[in-house]
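Engineer: Below, each chain spelled out in residue letters.
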Amino acid sequence: MALVNIKINGQPYQVDSSLTVLEAARKCGYEIPSLCAFNHGKCSKASCRVCLVEVVGARGLVASCVYPVNEGMEIITNSVKATEARRASVELILSNHEKNCLQCPKNGHCELLKVAEMVGARDQKYVGQQTEKTVDEVAPGIIRNSAKCILCGRCIERCKEAHGISILGFENRGFKTIVSPVQNRSFANSPCLQCGQCVNVCPTGALMEHSEIEKVDEAFKAGKKVIVQTAPAVRAAIAEEFGEKIGTVGTGKMVAALRRLGFYRVFDVNFGADLTIMEEAHELIERITKKVAPLPQLTSCSPGWINYLEYFYPELIPNLSTCKSPHMMQGAITKSYFAKSHDIDPKDIFVVSIMPCTAKKYEASRKEMPNDIDAVLTTRELAKLIKRAGIKWDKLPDEEFDQDLLGEYSGAGVIFGVTGGVMEAALRTAYFWLTGEEYGKINFTEVRGFEAVKEATLNIKGTEISVAVTSGMANAKKLLDEIKAGTSKYAFIEVMCCPGGCINGGGQPYVHPALLPNEDDDILDTYKAKRASVLYSEDERQVIRQSHNNRDIQKLYKDFLGEPGSELAEELCHTTYNANREKYPDNK
Amino acid sequence: MAKLQPAAVKQITEIVERYKNEPTPTMMILEDIQKEYGYIPLEVQELVSDLTGVPVSDIYGVVTFYSFFSMTPKGKYVIGVCLGTACYVKGSQLVLDKFGELLGIKPGQTTEDGLFTLDVLRCIGACAVAPAVSINGKVYPQVKVDNVKNIIAEYRAKEA
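Read top to bottom, the protein sequences are chains A and B. With our numbering applied, the first sequence corresponds to residues 1 to 588, in that order. With our numbering applied, the second sequence corresponds to residues 589 to 748, in that order.
Looking at chain B on its own, in the form it has when it is part of the complex (with noise of 0.2 Å):
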């Protein structure tokens, strides 16, 4: 296994540091490492455990449990494409497959630049502007299929 480079090290031991007095803490943890680094590799889970006392196998239940931490590194921009009942009924499946067509990637992935990972989000509070699509936090409201070709390249010219 690979071994973490001692700036991580330190930034985890200080970050699992700032929950040592939670009765209860290791969602707060993760939450802070996944924010931070964006995935939660196995290395830095048995890190976490070798803090906190608390077994790898219950940080990896946690991890596994919620879809909000990741395995994997995430790309630098995440997109969001709810799947929530009212986003579905006005059609947001078609605008996630567009999204997969387009980028050649299945939800959960990242592409191989490491540019884009697409995920499924289920509900984010935007009924009224279903479909709604979230990029890095921003939405875009009533997101249909054609659109999605211009909101990569909205994406991709930022980058060139």
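Pulled out of the complex, with its shape left as it was, chain A reads as follows (with noise of 0.2 Å):
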């Protein structure tokens, strides 16, 4: 790392010469207002102008998100012709912009107002035409405003960076330009894999998830019995909504919350999890010792994947396991068994899902599994609901999960909700399965960490089997056109849609760093770890650690669904795919 001496604002500094002067000047302690920068200060676009300083000797005012630092550089942050040009360009973003901030679902995590503010923007300054408006909101997944879009093109470096698809992107020009996917079609006639990445990125309330909120208040008032199951992801970054650091727990709080919005049931996606475990485990098994499908089989949890897939890769479809996702299974066993254990009329219940996902709602929404689950809310969904009751969260007591039929939980479920954790799970409980002893070290460390591929060998008994794991549908392509190629020497793949897995899903509290004064300047590497050592201490800290040992999944299958794969298994617990979906159909 090679150091160069600059000045900014007159002070001396050292700083690393890789850096761009908007980094730079955040080490040192200016913060230098930006919206379309948004991967450690870089940016590809530069297209926002709103992080113009003064560079001396440069011509006219740079870009600092764009701009490296050079020896000797001397850089003026402050000055009044700096400030003023970083407020005209403000104002001009804010001249085509909806500005109905009171109502707009962003409200609190915008970074348009927030730099507005920083930057002083006037009322009105520029007032013209506005660029005619889109409202997408077809797609169960996100919605798409583009009155609120102040073109940065942060989704679309987003969805090529984690995807390599890049759905959305610039069309037309000069003042009718848009962000939008091809012809301005809304995310459901196109391929879009409702993952949320781009939602995660928008500075502004352009891009949202579909907020399923009111269908909720519709099951209370209509006296449904609402019952409610969260994902493993989403205690893992919960407590960020309340002000609390990136890693903080937020289990115990987040059950006391949702008893006290006057749920039902309060239950654990984590035995979902177990569930999906002994039954992806058990067609593991069946594909390699009775080569009943193809290897390697690829896992289902993650429903952004699966869109790609059947967009991308329709011929490997027989691939990928059958099972539901763990929410849905949860679902189903819901409406089912617990219904049935309850003498409740499964009509009354009411599934919610609480996820860190946006795809979650498109997959509750498919054809294939209508009445799993009846509305499915995002981390931040959740964060408004306890926030809207009024609920102090510094005040809440830590409670645990209803333990009720459906209470239990191993380690290997809480996992889930990090990259490589399905396939530790499920080694778990395959080794074993075909060995008839437990793993002895339990931890599978090989496939933990966020490389774009991770890959393990296990000795099962003299038999070898390889497997690997990936997240981000950019790393995945190399091992899917491996299979296609016949080349694949992997038994079981484990693939999550978005980058790190569910803990950086795009339904997850928002990492705008210029709105988390209190995190790290380098929080936005290191958010994905922080969040995925909360469910590893989970794990460590349960007494069960393995699927099969879960004691209300054993009762489970010994009461109700016989064998893993049994038929009604098979009915409840397992879906089909669409290998006909077409990528931009006719219909707009």
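If you are wondering where the hints come from, they were derived from the structure by calculation, not from laboratory data. Among the clues, some could well be false.
The calculated lysine-lysine pairs, modelled on BS3-like cross-linking and capped at a C-alpha distance of 30 Å, are [said to hold, decoys possible]:
| id | chain 1 | residue 1 | chain 2 | residue 2 |
| --- | --- | --- | --- | --- |
| 1 | A | K176 | B | K737 |
| 2 | B | K598 | A | K484 |
| 3 | A | K133 | B | K598 |
| 4 | B | K598 | A | K478 |
| 5 | B | K608 | A | K160 |
| 6 | A | K484 | B | K608 |
| 7 | A | K114 | A | K384 |
| 8 | B | K591 | A | K160 |
| 9 | A | K114 | A | K245 |
| 10 | B | K737 | B | K726 |
| 11 | A | K367 | B | K591 |
| 12 | A | K176 | B | K598 |
| 13 | B | K737 | B | K598 |
Both chains come to you apart, so use the hints to assemble them.
Structural biologist: Structure follows, in structure tokens:
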């Protein structure tokens, strides 16, 4: 790391030569407002023109997000010339912005609002035409309001970087420019995964989850028995919404809040995760020993990933596990086993999933499994519910999930929320079933971490099984191309749509550094690991670490399902896929 | 979405193949397709995306950014009326309006018989003969509103 000497606002500093002016200034204690930069203050487009600063000797003001530091550089961030230019940039953006901030779903998390405050934007400085507005509320997962879009292009970059597909792009030119799927289509009529990574980076309310809070309200009003179930990754991030540092465990307070919101039962999808492992490990062993379907088996917990496979690799559907994702399974079991045991008409039950994910909203609407889940709320929506109810997070006690048939969960279920977790959980159980003994060291650390592709080889009584774990579709593509070419050496591959897995899902609290003054400068590098550590530590704390040792799961099979892979298990826990999804149907 | 004819797939594949050693071939490929077919519908953009690995949204962005590219078929005769500064001050807007009135189409549209497309050009370097109209590359100098009828008739006669 080479250091260079620079001056910022007359003060001398030594900084890493690889930094941009924006990054260097931030490290030295000067916040330069910016909207299009999102990746460490690096930016490929420099489109928003908000981060302008003076560099002595440079021609005009420079966009600090793309301007590298040099030896001897003198930077002035706070001259009147620079601050006036930044204010003008923001005011120009605002002149073509909807500005209904009070009712905006992004209220409280808007970077544009923060930047407007910072630069001192004045009331309606530039008044003129507005670009024609498009509101897309067709897709179940994400919605788009072009009138709130500032054309920063972060969403385009994120989609490309994470998935290599780039559903969103700039269209037209000049004043007519919009960011949209081609032909200003709905997400629903494009091969969008609905994963919500674009939502996570949008600085405004232009991209949002498709809220289902009203649906839940209606269910309460109708007197339904509203049962809530929370995904593993939610507990790893929900506390952030209440001002706690990233990496704070939120499990106990979250359960307490849900109970105070009036839910009939508060369950953990970890139970469904354990059930998934039972079915998925059984399926894997059937594929290995009886060759009932091709290898490698691909995991099926992540609906964004299912979308990717259906759109881009439909020929590999036979490799995909037929298991529903954990919350869908658990919904089906709640409306059958739980309802029957309590003598409740399933029609009176309304199951709400709290998910770190926007694609789960789409998944719940799939025609293959229309009745399992009634509403899906993201982690962010749950926080809104808690805030709306006036429940003070700080004053909540730590409470436990309801222990009622679907109560117990293993450590294996918890780690589903992070890349590698499903693989690790499945291996713990598959090893036991193939050998009759527990895997000694329990943790399969080879499949942990955030590398593009992780692999491990397991020796099970003389049989070598190779497995791989990946997340982000840009990374998955290589493994899929190998399968297509017939050169894949793996028996089992875990794929998660969002980079890093569900802890980084599209429904998780925003990591907008400018709005998180208490976090470290490098929070964009560390937030995933911090959230993952919440899950790994909860796994370590569990007495039961393997799905097959979950006593409520054992009871479910004994009293209701029979064996993994039984006819009833097939009906309730498995699904089918669609190999005929058109990427750009004529219906826009 | 309509399926492309095998012959078209073959030809577009050949066009893409021409630029396989170019680091950023998108523009060149699209230019060749535009010249060959007169338009670049979304199906073709999808095919180019599959062949090059460039996302459809990027290709679509280029096609909608440059007015040279079109997503609808152009007529046999493309009438370009220059609205560059010199032509404009010499009254080319009136000429454009007259073409639109007589053909019954707006700029960017094509007549129902597929014969004429009306386009707006931004300076074709023929300022000395403003106002200029270009039809399939042939430049008509100092066009007056009264000439428009005859120009259209000239092409209709060719088709008769």
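Engineer: I'd like to know which numbered hints this structure contradicts. Please list them from smallest to largest.
Structural biologist: Structure breaks hints 1, 3, 12 and 13.
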